[in-house]
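J.: Residue numbers (the numbering used here), protein chains in the order written: chain A, 1 to 266; chain B, 1 to 273.
There may be inaccurate statements among the hints.
What the hints assert, rightly or not - Here are the simulated DSS-like pairs of lysine-lysine, each with C-alpha atoms no more than 30 Å apart in a straight line:
#  : chain 1 : residue 1 : chain 2 : residue 2
1  : A       : Lys41     : B       : Lys66
2  : A       : Lys240    : B       : Lys148
3  : B       : Lys87     : B       : Lys19
4  : B       : Lys118    : B       : Lys66
5  : B       : Lys140    : A       : Lys41
6  : B       : Lys19     : B       : Lys66
7  : B       : Lys87     : B       : Lys118
8  : B       : Lys87     : B       : Lys32
9  : B       : Lys66     : B       : Lys32
10 : B       : Lys87     : B       : Lys14
11 : B       : Lys66     : A       : Lys240
12 : B       : Lys14     : A       : Lys41
13 : B       : Lys32     : B       : Lys19
14 : B       : Lys66     : B       : Lys148
15 : B       : Lys66     : A       : Lys11
16 : B       : Lys32     : B       : Lys14
17 : B       : Lys87     : B       : Lys66
18 : B       : Lys118    : B       : Lys148
Quick caveat, the hints were computed from the structure, so don't treat them as lab data.
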Amino acid sequence: MPKRLVQIAEKTGRATVMGVAEIGYGAYLFGESLFWLIMGKRRRQPVRLRAVMAEAMEFGVRAIPIVAVLSSTVGAMLAIQGIHTLKTFGAESRVTFGVALSVVREFAPLITGIVVAGRSGSALAARLGTMRINQEIDALHVMGIDPVRFLVAPALFAMLIMLPLLTLLADFVALTGAGLYIGVQLGMDMPAYWDRVIEALSTDDLGHGLGKSAIFAVLITLVGVVNGSLVEGGAEGVGKATTRSVVHAISAIVVTDMLFAFILTR
Amino acid sequence: MTMNALPPPENRTKVVEIKDLVTHYGDRLILKGISLDILENEIMVIMGGSGSGKSTLLNHLLGLLKPSSGTVRILGQDINAISEVEKTRLRTRMGVAFQGGALFSSMTVGDNIMLPLKEHTDLDYSTMSIMARLKMEVVKLSGFENLKPSELSGGMIKRAALARAIVMDPRLLFCDEPSAGLDPVVSAAIDELIISLRDAMGMSIVVVTHELESAFRIADRICVLDRGDILMVDTVEAVRNSSNERIQNLLNRRLEEATLDPDDYMRRLTIGI
Numbered sequence: 001m002p003k004r005l006v007q008i009a010e011k012t013g014r015a016t017v018m019g020v021a022e023i024g025y026g027a028y029l030f031g032e033s034l035f036w037l038i039m040g041k042r043r044r045q046p047v048r049l050r051a052v053m054a055e056a057m058e059f060g061v062r063a064i065p066i067v068a069v070l071s072s073t074v075g076a077m078l079a080i081q082g083i084h085t086l087k088t089f090g091a092e093s094r095v096t097f098g099v100a101l102s103v104v105r106e107f108a109p110l111i112t113g114i115v116v117a118g119r120s121g122s123a124l125a126a127r128l129g130t131m132r133i134n135q136e137i138d139a140l141h142v143m144g145i146d147p148v149r150f151l152v153a154p155a156l157f158a159m160l161i162m163l164p165l166l167t168l169l170a171d172f173v174a175l176t177g178a179g180l181y182i183g184v185q186l187g188m189d190m191p192a193y194w195d196r197v198i199e200a201l202s203t204d205d206l207g208h209g210l211g212k213s214a215i216f217a218v219l220i221t222l223v224g225v226v227n228g229s230l231v232e233g234g235a236e237g238v239g240k241a242t243t244r245s246v247v248h249a250i251s252a253i254v255v256t257d258m259l260f261a262f263i264l265t266r
Numbered sequence: 001m002t003m004n005a006l007p008p009p010e011n012r013t014k015v016v017e018i019k020d021l022v023t024h025y026g027d028r029l030i031l032k033g034i035s036l037d038i039l040e041n042e043i044m045v046i047m048g049g050s051g052s053g054k055s056t057l058l059n060h061l062l063g064l065l066k067p068s069s070g071t072v073r074i075l076g077q078d079i080n081a082i083s084e085v086e087k088t089r090l091r092t093r094m095g096v097a098f099q100g101g102a103l104f105s106s107m108t109v110g111d112n113i114m115l116p117l118k119e120h121t122d123l124d125y126s127t128m129s130i131m132a133r134l135k136m137e138v139v140k141l142s143g144f145e146n147l148k149p150s151e152l153s154g155g156m157i158k159r160a161a162l163a164r165a166i167v168m169d170p171r172l173l174f175c176d177e178p179s180a181g182l183d184p185v186v187s188a189a190i191d192e193l194i195i196s197l198r199d200a201m202g203m204s205i206v207v208v209t210h211e212l213e214s215a216f217r218i219a220d221r222i223c224v225l226d227r228g229d230i231l232m233v234d235t236v237e238a239v240r241n242s243s244n245e246r247i248q249n250l251l252n253r254r255l256e257e258a259t260l261d262p263d264d265y266m267r268r269l270t271i272g273i
């Protein structure tokens, strides 16, 4: 076999092994975080509420403005496209139905997930990467403080709480954005619009969107943490890990979204 | 550096016992079966050039690396054989000052120093705060508790790292390159501080350094490492007067090109080709 082919095969093999190892490491971190949440108190090393709150502030509360702006834009965009498409069939009045389902089941969790992955997943990777190269992770070990309990678990639980809440906010803001456009275009007042939205949606739709956002929360955190904790090569390594973290997290979100839709809507 | 009113070495407890420690990084042999004892209330300086294995040895002493073979006993416990709970307990009796400080940049200096107390004790905040200030007084850093690490100078970062390392009153203190990158005056002050920690707090201190002047100033005994082997463990005087060529090369800061193994050199050049 030519040397070049062997090299390609070797490179592919190594990348595959590394990918599987990273997924395994992510699963380990998830299990370890759950362990500390349940057993921390008994081991006299609880997951501190204050740390969870600080992360929740950073991941959730500070993301509200950007999530609100993008959600309202996406909501209005869906209404514009919906009315334009349904006009072909003379069914513009049905746009509320389409917008409500699209926003709650797809767009709100997806847009929120992507924004948080870009904003907080990357920050998590950069923070952990910098801590690693500055020996701060080693310092935690030698002080008898488990880094997973101290750094990963609070981030994971904060994300698990805040991402569904942000998604709920995105649902409301996107539907409001869509409602404002639909109101102007179709002459529908807001109470009537919200009546139709509530009529179109079931708790199953809401659960579908929020369930997805909880899975995205786990993915964003673990991808950020895994990339951050494998940083090598100083500041350049931190930069690479940050970029890698955003790309991996967004890819994971989109693929999971498709799988979720495939499994639950057939 | 001699100590007053201490029993002779043979009567003193061993706080660290390293036996036949072998370590590999991949195929590379880093530590070649070294054995070393460190006694209570002594300052042991581990000295060697770049690539001698001193950082690897320190990582073993801290339980951050698993050896290929051999044992490392810290305060009577095999650090690689005990459970995680026991390891956590053991680590509360050890303090570590890292080369770059390893202070948490998101916290103030005071919070950094209080962190081990917050995590391992049930003390109330004001008691922890007083304890942290006491240690800051010891390292002559009073009044800087509200600053972030990025606002400190190199010497102050080393002092803050030392304050955090001693806040739990450990029996054993490890210092990684405590005077590296500091000017001679600050470096001498850090050395004095290390000596005073041994004398005032009765700690056993392990210092890893390649700074000769500092090593000679603070050491009770020096362990000279070279290419993963211990060349000598003895007092400052004995190391200074050693006739060993490699030790003299290290002391006189001479490179050892003449002793380079040609086969090893060729292997390194052609590795992976």
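J.: With reference to the structure, classify each hint as holding or not holding.
T.: Do the hints match the structure? See the list:
Taken as a hint, the Lys41 (chain A) and Lys66 (chain B) pair is honoured in the structure, with Cα atoms around 28 Å apart against an allowance of 30 Å. Distance check on the hinted pair: Lys240 (chain A) and Lys148 (chain B) sit about 27 Å apart at the alpha-carbon level, within 30 Å; holds. Of the supplied pair hints, the one linking Lys87 (chain B) and Lys19 (chain B) holds, its CA atoms being roughly 19 Å apart against a limit of 30 Å. Of the pairs offered as hints, the one joining Lys118 (chain B) and Lys66 (chain B) holds, with about 29 Å between alpha carbons and a cut-off of 30 Å not exceeded.
In summary, the hint linking Lys140 (chain B) to Lys41 (chain A) is not supported, as the alpha carbons are separated by about 36 Å, beyond the 30 Å threshold. The suggested pairing of Lys19 (chain B) with Lys66 (chain B) holds, with an alpha-carbon distance near 14 Å, which does not exceed 30 Å. Between Lys87 (chain B) and Lys118 (chain B) the alpha-carbon distance is near 18 Å, which keeps this suggested pair within the 30 Å criterion. Taking the CA atoms of Lys87 (chain B) and Lys32 (chain B), the gap is near 25 Å; set against the 30 Å cutoff, the hint holds.
For the hint pairing Lys66 (chain B) with Lys32 (chain B), the CA-to-CA distance comes to about 14 Å; that is within 30 Å, so the pair holds. Taking the CA atoms of Lys87 (chain B) and Lys14 (chain B), the gap is near 18 Å; set against the 30 Å cutoff, the hint holds. Of the supplied pair hints, the one linking Lys66 (chain B) and Lys240 (chain A) holds, its CA atoms being roughly 29 Å apart against a limit of 30 Å. Restraint check for Lys14 (chain B) and Lys41 (chain A): not satisfied, since their Cα atoms lie roughly 34 Å apart, outside the 30 Å limit.
With a C-alpha separation of about 11 Å, the suggested pairing of Lys32 (chain B) with Lys19 (chain B) holds against the 30 Å cut-off. A threshold of 30 Å between alpha carbons decides the hint, and for Lys66 (chain B) with Lys148 (chain B) the separation of about 34 Å lies outside it, so the pair is violated. For a cut-off of 30 Å, the pair hint linking Lys66 (chain B) to Lys11 (chain A) stands: about 29 Å separates their Cα positions. Of the supplied pair hints, the one linking Lys32 (chain B) and Lys14 (chain B) holds, its CA atoms being roughly 22 Å apart against a limit of 30 Å.
Restraint check for Lys87 (chain B) and Lys66 (chain B): the C-alpha separation of about 13 Å stays at or below 30 Å, so the hint holds. For a cut-off of 30 Å, the pair hint linking Lys118 (chain B) to Lys148 (chain B) stands: about 18 Å separates their Cα positions.
Going down the numbered hints, you'll see the structure goes against 5, 12, 14, while the others check out.
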